[in-house]
Each structure stands twice: as structure tokens, then as C-alpha cells.
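Enquirer: Could you build all of it, start to finish, from the sequences and the hints given here?
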Amino acid sequence: MTPRAFLRRPSHERALSLAAVVIVALMAALNWPRFLTEGNAISMAYQLPIVAFLSLGMMVTMVTGGINLAIIATANFTGIVTVLLLRALAGDAADAAGAGVALVAMAGGLAAAMAVGALMGWLIAYVEVPAILATLAFMTLLNGVNLVITRGYTLSGFPEFLIAIGNGTVGPVPIPFLLLVVAVILLGLVLRRTQTGLAFYLVGSNPVAAAYSNIRVRRVLVRTYVLSSVFAALTAFIMMGQLNSVKANYAESYLLVSVLACFLGGVDPFGGAGTLAGMVLAVVILQVVSTGVNLLRMDPFFIQAMWGFIILALVALSFAGDRLRERRRLRAARVLRGAPPAASPPAPPAPKPTAAVTPGERS
Amino acid sequence: MNEFLRLEKIHKSFAGVHALKGVDFDLRQGEVHCLVGENGSGKSTIIKIISGVLQPDTGRILVEGRPVEHLGSAGTMARGIQVIYQDLSLFPNLTVAENIALPEIRERGGRIVDWGRVKTVARAAMERIRVELDLDAEVGELPIGVQQLVAICRALTSDLKLLILDEPTASLNDRDIANLLAVVRDLQAHGIAVLFVSHKLNEVFAVAERITIFRDGEKVATLPPAELDEDRLVSLMTGRTLEKRRFTFADGAARTALEVRGLSLRNSFEDVSFALRAGEIVGLTGLRGSGRTELALALFGIRPAERGEILVDGRPARIRSVQDAVGAGIAYVPENRLVQGLVMKHSVAANATAAILDRLLGPLGLVDPARRAEAAAHWIKTLGVKVSDPAVAVQTLSGGNQQKVVIGKWLATEPRILILDSPTVGVDVGAKSTIHDHVRGLAARGMAVLLITDEVSEAVANANRILIMRAGRIRGELGTAGVEADQVQRLVEARA
Amino acid sequence: MPKDLLRHNETWLVLLIVVIGAGIAAANPAFLSFENLAGLLKSYSMVGIMAVGVLVVLILSGSPDVSFTAIAQVVEYGVAVATLAWGGNIFLALLAAGAAGALLGAVNGAVVHFFRVPTIIVTIATFNVYFGMLYVITKGKLINVVHPMFREFGSTLLFAQTSAIGGRYGLSLMPLVWLAAALLGWFILRRTLLGRSIYAIGGNEVAAERMGMNLLRTRLFAFGFIGLLSGVAAVVHLSIVQSVVPNIIVGKELEVIAAVVLGGASVFGGKGSVLGAVLGVLLFAVLGNGLTLLGISPYWYNVAIGVVITVAITNSAYQRLRRERARVHVRVEA
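Chains A, B and C supply the protein sequences, listed in that same order.
Every letter in the first sequence is one number past the one before it in the working numbering, and letter 61, counting from 1, is 727.
Every letter in the second sequence is one number past the one before it in the working numbering, and letter 307, counting from 1, is 308.
Every letter in the third sequence is one number past the one before it in the working numbering, and letter 238, counting from 1, is 273.
No wet-lab data here; the hints were simulated from the structure.
Glycine residues also receive a C-beta, built at the ideal position from the N, C-alpha and C atoms.
A hint or two may mislead.
Keeping only pairs whose Cα atoms sit at most 20 Å apart, straight-line, the calculated SDA-like set for lysine to any residue is [said to hold, decoys possible]:
no.: 1; chain 1: B; residue 1: K22; chain 2: B; residue 2: E32
no.: 2; chain 1: A; residue 1: K913; chain 2: C; residue 2: W335
no.: 3; chain 1: A; residue 1: K913; chain 2: C; residue 2: Y334
no.: 4; chain 1: C; residue 1: K174; chain 2: A; residue 2: S919
no.: 5; chain 1: C; residue 1: K287; chain 2: A; residue 2: L922
no.: 6; chain 1: C; residue 1: K174; chain 2: A; residue 2: D965
no.: 7; chain 1: B; residue 1: K120; chain 2: C; residue 2: L228
no.: 8; chain 1: B; residue 1: K120; chain 2: C; residue 2: R226
no.: 9; chain 1: B; residue 1: K49; chain 2: C; residue 2: M246
no.: 10; chain 1: B; residue 1: K49; chain 2: C; residue 2: R226
no.: 11; chain 1: C; residue 1: K176; chain 2: A; residue 2: P966
no.: 12; chain 1: B; residue 1: K162; chain 2: C; residue 2: Y334
no.: 13; chain 1: C; residue 1: K174; chain 2: A; residue 2: N960
Partial list, computed: chain A residues near chain B (C-beta under 8 Å) [claimed, not checked]:
no.: 14; residue: I851
no.: 15; residue: L855
no.: 16; residue: S871
no.: 17; residue: N872
no.: 18; residue: A876
no.: 19; residue: R884
no.: 20; residue: G938
Expert: And the structure:
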């Protein structure tokens, strides 16, 4: 990217990249020399994909103006379905099963996740249940189903193929990281180059205008939640490989982290805006901070508190930035036109079309 | 009659734009005074200054003969001045009674809410204008006309001396307008002055004692209606006599592009039949609530019709979705540009190409960014959208340029039938005539155009035929040759 | 009149509770025993008290507060430590807990107001801050012995009876605290100008501001109120369990929000009633209790709740769609 092009990027991404550089430098300095080692880079490359996949799955729903509170529950459900299929196909020898069996089981898990996504999407798009409610309900429901199936136990013993997905490498590069790179590239194509992906943004910003613009809003919404669930399934496969087990309530604390990543990455919580570049920077920053603080042997709960402080600081900064820009804009306008320094009221925000769409108005 | 309010030499600028240029204005106690002017003429600024939302840069304000320094919102209410904005500022989740009584309770009621008193206050306000409303109904569930009455009742709970109504009839149907005008006369009988802002000239003539005309930030004149007629008023508003160049359509042999037979949708319209030939511009006019927009929505597949036939180029077309309509070559420029027409926060380019993403595909079925940019640039140029960079958000454009983006978005789908719903609402005079010229140009090249409009004069000047809709049915059809706007207006407002 | 009644969400909830309760009672008559019902009310008191606060914030801001469990957790720990150190009595403990909670909650209100950020984002942040700092400061140590005042408060029984096997049972004071919180919430929302301002701001913030309502004060109050109730709920919880496990309350936030939404509160703000929120919690209580009485594995609890929530929200969304379809756009002439 040329320096010019970099400067033209949204200011949020610019700030994020600078923040990333500063944070990497800071963590490297604090943890000299342990942070800037190949070993540490590789261990980060193993950890990053889980948060990243969950955050991307959260992002697509937020771009369309929704949220997916069921994403962790979907991931655990995927893992559990995959294990059940493995056991059904390979019996007691599940841990010795070949790649073919593992792939079939995983396909089943993925299909289950997509079915969950389609159901939630249907409720949101066709019955017009608010996304926060539909996914909250599915979160509760799936958590229950997961518990009923596993009776609270940890299920373990997976074939090598699955373990390799979580722990294997190609050359020095961990497979989960490769998967993430591929997924980011594909998602980038979807968001910028496909009709559905471009429609995510239009629907998120104004579902009514999108419906009036030859966009099948309902279908787009269903696809959003299916895609989000695919990311949940990917998370599930990596977690299975790394932990060699599934459980009803793994990774529950990541739900808030994934929302945080979206906010940090500049996704508009009301929908319609958010870039993949911002998301990637956000999850990298989160990972660097958490690894760096870990190396310092800091209390993990201190890290959790720090996340909170970071959001609050961001909120304050972005507010201050908005104010500053607004003031500069007004001053510039005055200077340009040589007008008296009369305080004009800030323009009211453009009316956000409400979600109250009459039934026929979303095709 | 005594003077209630006087403004002297009011100046007001916004970021260099001189919105009011030394305006003098006076208003008498208990009079109905209408304020007319085009968009951007300064009439809404003057209202904001009277209501205390804005402070003038220079000039004097006198209320009942006494000069006032700063007329903040609270100060105006204390002086008996209330404004009802177009958005009404009601609470949709609260009941009628609470909406009416809340300001009064806040002023005098103490911290505890006495529900008995809420109802008493609300009833008293309703009795003053002799309306009966269900006090327990939730306001959000009520039709807009009733909500308007709730807002008026709310204003009446204070010691009201001047009520300002900002385009109160813009979203009302005929019955509600008649009600409202009756209420306005009633207020006057109680000695309350009403400042009525409207762009519907027939209402202005029906209700005003004096009319003040604004143009380009200046007051042009204040006159009683007896000294004005519609043509004179329009020329005072626009600063020129209305151009009378009419649209004409001669090609009697043109093919029928769209034919509708017995189209019906419950609670929307009934048994609608008409035909539209290629190259024709047919005006569809009627009051709000007459079913004109509902008919358009059915033709465009948003709320499909239940019964009847739609034929495009003589072949039956099944229109159940927007995609069906676009496939059949129908495009629709919707009534509400802000909500239905554009995704305001997104770029001009994204909006201009939103409807044709499926035609901009490159290899692998991916949208080709180069073709997308090209298509956006093409339509920006063709329609003369004034924008420096197609990447800027469409919300930064003026109303006229925004409307051109919407039209461009639809022309990009290469339609053969174009439905325009109130295309020049909120568009300034210059952009208005550009849009009209462009539509005429499209018709000349064989587009069949259905022009839906509130403004009968717009239909008379720009269409060769007019369909008149009333209460869900088409009640009349006439050619525009030799017809004057007021004749059509009478047909529109006629009661069954 | 009956038709009017059916329009209210609360009526449906009562019917649902009665039907489910009747089913459970038919299978196991012990459900209707005084002992069982009193126990059921006691164990859901904490959630019930929190629900009243969640409702108030949801009505005001149309976005849920998720930090209240962290506030309760912090207050519970603090109160347990402070009473061990300084003694005092249960009223002082309730007062201090409420005040501390209100302060922590008001921070949310201030951030939401001054930085204009959705409640859910702000409260995710403060959740992490409060809960993380609690662990940092306390190192996550359990407190196994608490001041006896909590035991006394928690085990005081009204209408005490002795069961056949010799245990004592009766109506605990905890549900009375819940009742008091609900009545207070009802009074504020229904009968005070402040409460009506909360609805008004939730319904149309711009109009509320135009009318001269004080947005800052209202927000500080609403977020302070949920904090206060979280503090009180913490004391109730402490009195029931008589120990502090510093992560026992967090994680319940979505269940409480679900109960409130089930009670008819709108996730877009401006709508909801205390009665509905109480009934929502009661429905959860009956479901949980019923599963136990029917000998069904507690693992089914979430499934049951998930199904009930799904059905309820789907039904209300569907009803709205139907009303929308029946809307008269044009009065068509015959």
C-alpha cells in the first residue's frame, strides 16, 4: 500500500494500525527478549485463530445490523455433533479413525451449524424477531441441548486428522493460522466482491432502502447467520484439535471478547459499516496484548479488567475525535466563506430507518 | 386587532449562508397567518427563531410589545408560543392522555403522577377543540391524522397564544385535513393565533387571514388572500411566472407498455385498470391516503396485488417481488427518498449501483470494481449529479442531487416503465426543472412514465394524461391539453 | 373486556404459568405445597430483584445492561469482607450494598450519557473492569465464613412449620425483599414523573429533550437504580448461600435479561412492566422447579427455557406481523 493510499483509509483503521505498532513495540520492550522470538510468534499463531474466527462470525451479523449471541453455543454444538458422528461412524475406535471418517463427521458438524444459522436467520428475516432476541433464545436452547447430550461431561479422543487441524503445521506455519488466512481472503472476497456481501452493508445501514433497491433482504439476512455459523464451526474444529475434547460450555468468555473485537475493529454496532482490515487489526491487537501480558505473568483477570478499560478509553477517544473533527469542519467552513463566527447548530444525524418494516417491504 | 409578535430586521447566517436577510414580520392576536415559500426560502429558519430554537444574529423580537432578548425554547413556551413540528414530537409508546398531559404535569404536577389528573387535563384540552379521542390508546398505534390532533391538544394544555404548525398537512389524507382546518378555525375563535406553514396553496387560501411569502431569505409580501390568486402567489414565491411549456404526446400508434386490469389489494386499492403507452407520461394524482402509492408498490412488487392482471408489453407479468418487477422492466423511484430511496450513509457510487450488482459481474461471478466505478461515473455524468467524488456519502448531497442518484440507480436497470413517486418533493426550483426535463427526455426516447404527484400543477405541466385516484379507486382520467390545474384540483378533492 | 385482557402480555404469562404449573402439579402434587412454593420463591429472589433493575434500564435505553451481575459480585464480596471486619447489622449492610451498587451503576449511566455509546457496549466494558478488578484484588479467594447476620437474615421464616421429617420451613424474608423491590420499581415507573420520563426518553429521546427533560439525571438514576438493586440482590444471595464464591453470580446476566424480555419489555426501549418482569422470572422458576419435581435431569432446564423463550418471541413477532398485514392503508370506497 502506498503512503497516499494509507492516508486515505478510514481514520479508524489508521489509528488501529498505529496502535498495533505501538503495542507490539511496547510488548516487545516489556518482555525483552522473549516476545520477539519465533517460538512466541508460533504460539500466537496457534491462539489467534479461535478469537479471530469468532470475531469474524460476530462481525458479519453486526454489519447487517444484528448480533449473534449464540455463536459460542453454536461452536460447542458443532463440536458435539461432530463427536457424535465420529462415534457413530467409528464406534469405540473413534480416535483411530481415518481422515475420511473425520471429514464426514466434520461435514456433519458443519451442516448442523449451518442449519442452526439458517433457523436463526429465518426467525430474524421472515418472522422479524429482533436479532438480539432470536440469538439469545438460541444460545439458551443450544446450551441446553449441549448439556443434555454431554450430561456435562467432557468428550475426548479424536482421530489424528482433527488433532492436526488444531495442532499441525505446514512447514513452520500452524495449520489453524493457515486456515485463518484462507478464511480472511475468502471473506474479503465475499464482503467486497459478491452481491451478497455488498448487500450485507446496504441491508445493515437501511433495510428498507435495500429492499427497494432490488436486494432480497430476507435471503441476505438468512445468509448472514449461516455464514456466522460457519465461522462458529471453524472455531469448533480448531478447538477440538487443540484441546482434544469437546464440552457443553467451552470458550463462553469469548462471547464478550468477540463483541469487543468488533467494536475495536470499527464495526458500527447499529449496522452498515465495518471493514475486514479493521477486524484483523483488532484481533491482532487483542492477541498481542494478551500474549504480552501473559508473558509478564500478569494476573489473567487483570487482563480482563484491562479490556474493559481499553473499551472505555476507545469510547472516550472516538468521542473526542468526533468533536474535534466537527469543530475543525465548522471552522474550515467559516474560513472558506468568510462568514461571521456564528455558532450554527450541528446538523442532525440522518434519520436511522427503524427496523419496523412492513411485511411486504422486504423482498 | 392587537399585535402579538413583531420581528424587526432579523438576520441569520449558517456557516456563511445568509438564510435570513433583514426580515420584518408581524403577527396579530388571534389571526390565522400562513407562511409560504419554496424550500430554502427561509421560512423554517424564521419559525425556529420565533420558537427560540435559534437566536438571530442581529435584529429585534417583540412579544406583546415588549422586546425579548433571548427567546429560549422554555421562554417561548412561557410566553404562550408552541410549535408542532412535522415529526410531531410525540411519544409513540405512551397513551393519548399521557402525551397530552405530560408537559402540563411536568410544569405544575409535582413529582408524583396523579393519573386522575392526567385524564382531566387531557379531556379539558380535547374539549377546547371539540375532539373525542380514546385516552387510553397508544399513540404509536394511531393514524397520523389523529396523532396530529394529539399534538395540538398537548399544545393547548398551556396558556396558548400562538400555535405554529410546520407543514401540518404534509402527511394527512383529505378527511384529516378537513378536520385539522376546522380545528384551526376553532382555535382562532378562542383568540389563539395560528402560524400555518404549508406548500398546499388551496389550504392556504381556505384558512388564511393574511399570507406572508418568503423567497431567498427575504419577505416578499404580506397580503390578505383577497388580493392574491394562485398564479400571483406562485410567481411571488418563485420570482418568475410559471413556465407554461406543456408536455405533449402525439404518437397515437405507440405500443402499450403497461396495462393493468382490475387490480385489487385489500385495504389499499380496488379494481384499478389503466394503460400506459411507450413515450407517454401519465400523471397519477390523488390525496395522500387515496391509494396512489399503494398502487405503485403493488406494481413494483413490494406489496403485491391480490387480484387482477398486469400486462407488460402485452404479455401477462406475474409480479410478486421487486425482482419480478425489475425483471419485467419496471423501475420505481420511491416517495420517501431518505428512508426508501437511499442508504444515506453509503457512497454515491454504492447507491447508484445498488440495483444492478448482478449486471456488474466479472470472472468467477465476482462483482467487478472497475465496471462498478464505470457504471457509477456514467450515471453521475448522465444525470448531472453535482459531486466531487463518487465515494462521498450520499447524505452530504442536496435534495435535488440525491434524487438524481435515485433516478440514476433505476435508469441503470434499463427499465421500460418508470414509476416516479413524488419525485420533486424537497427539491429546489432549479433541480426540479432539471428533473422534469430529464423525465421528458426519457419519454421522448420511448420510456413509459407514471408520474405520481401531490402537486396537480406538476402533473398538468409534465404529463399528457392524468389519472385521478380517490379512496382506493381511479375516479377519473383526462388529457392535459387545455386543462388548468385548478380544474383538476377540484376533481381530486371532490367527495364521493 | 376479556379481549382487551388478552392483548396484554402479562395475561398470557399468567396463563402459561398456570398451565405449566397445573401440568407439574398433576404429575407431582408436591409442587403446590407451601414448602415447595416458598422454597421456589426464595431461590429466585436474587434474579427477581435484578430483573426489576434490568427492566428500568431496558425501557430507558433500548439496549440491555449486562454489567449488573459483576456489580452484584463486587458488592457481595465487599459486603462480606466489610461486615467481617466491622460488624454492623443487616440494615446497614443492605444500605451500604445498595449505595455501593448505585455508585458503580451510575458510572455506566455517565459514560452512556457523555460519550453517546450503546448501553450494551459500555456495560460489556464495565463488566470486565468490575469483575476483573475483583479478582485482581481478591486473588479469587473464596470466603467460607461470613458474618452471622446473613445467616440470621437468610433463615428467618414467617409462618414457620415443621415438616414430617423434622425440617423447618416457611416463608423466607428474601421473597419479601423481592416484593419490595418490585413495588418500588412499580411505584417509580408508574407513579412518578421520573418514571414517566424514563418511558418517554425510551420512546422518543429527541422529543423528550425538546420538552426539557433532563437526560443526564434520568440516566444516572436508571443506571444507579439497577446498581442499587444489584447490591441488594447481592446481600440476598449472600444471606441464602452464606459464603462467597467470586464468580457465582456472573454468567446469569443473559438469563435475567431473557426473563425481562419474556415479560414483555421491548428490546427497542420504551415498553415493559414490572409485573411482566416478575412473571417472567416466575415462569423460569416454575420451569426449573418442575423439572426437579418431575425427576428430569437439570440439564434440561436450559432446553426448556430456550424453547419457552423461542416460542414467546416468535409468537409476539408473529402477532405484530399479522397486525401489520391487517392494517388499513386506504379506506377503499365501496
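Enquirer: All hints are to be evaluated individually against the structure, with a verdict given for each.
Expert: Now the hints, each set against the structure:
For the proposed pair B/K22 and B/E32, the alpha carbon gap of about 25 Å is over 20 Å, so the pair is violated. Proximity of A/K913 to C/W335 is assessed by CA-CA distance (about 16 Å); at most 20 Å being required, the pair is judged to hold. Among the hinted pairs, A/K913 with C/Y334 is consistent with the structure: their alpha-carbon atoms are about 13 Å apart, no more than 20 Å. Of the pairs offered as hints, the one joining C/K174 and A/S919 holds, with about 19 Å between alpha carbons and a cut-off of 20 Å not exceeded.
For the given pair, C/K287 sits about 14 Å from A/L922 by alpha-carbon distance, which is consistent with the 20 Å threshold. With a C-alpha separation of about 9 Å, the suggested pair C/K174 and A/D965 falls inside the 20 Å cut-off, and the hint holds. In summary, the hint linking B/K120 to C/L228 is supported, as the alpha carbons are separated by about 15 Å, within the 20 Å threshold. The suggested pairing of B/K120 with C/R226 holds, with an alpha-carbon distance near 14 Å, which does not exceed 20 Å.
For the proposed pair B/K49 and C/M246, the alpha carbon gap of about 15 Å is at most 20 Å, so the pair holds. Of the pairs offered as hints, the one joining B/K49 and C/R226 is violated, with about 34 Å between alpha carbons and a cut-off of 20 Å exceeded. Restraint check for C/K176 and A/P966: the C-alpha separation of about 15 Å stays at or below 20 Å, so the hint holds. Taking the CA atoms of B/K162 and C/Y334, the gap is near 67 Å; set against the 20 Å cutoff, the hint is violated.
With a CA separation close to 16 Å, the supplied pair C/K174 and A/N960 stays within the 20 Å bound. The beta carbon of A/I851 comes no nearer than 13 Å to any beta carbon in chain B, farther than 8 Å, and the hint placing it at the interface is violated. Because the beta carbon of A/L855 sits about 6 Å from the nearest beta carbon in chain B, less than 8 Å, this interface hint is met. Hint on A/S871 holds. Least Cβ distance to chain B is approximately 5 Å, under the 8 Å limit.
Hint on A/N872 holds. Least Cβ distance to chain B is approximately 4 Å, under the 8 Å limit. With its C-beta approaching chain B no nearer than about 7 Å, A/A876 sits inside the 8 Å limit, and its interface hint holds. Against a cut-off of 8 Å between C-beta atoms, the interface hint on A/R884 is violated, since the closest Cβ of chain B lies about 10 Å away. Annotation: interface hint on A/G938 holds; nearest CB of chain B at approximately 6 Å, less than 8 Å.
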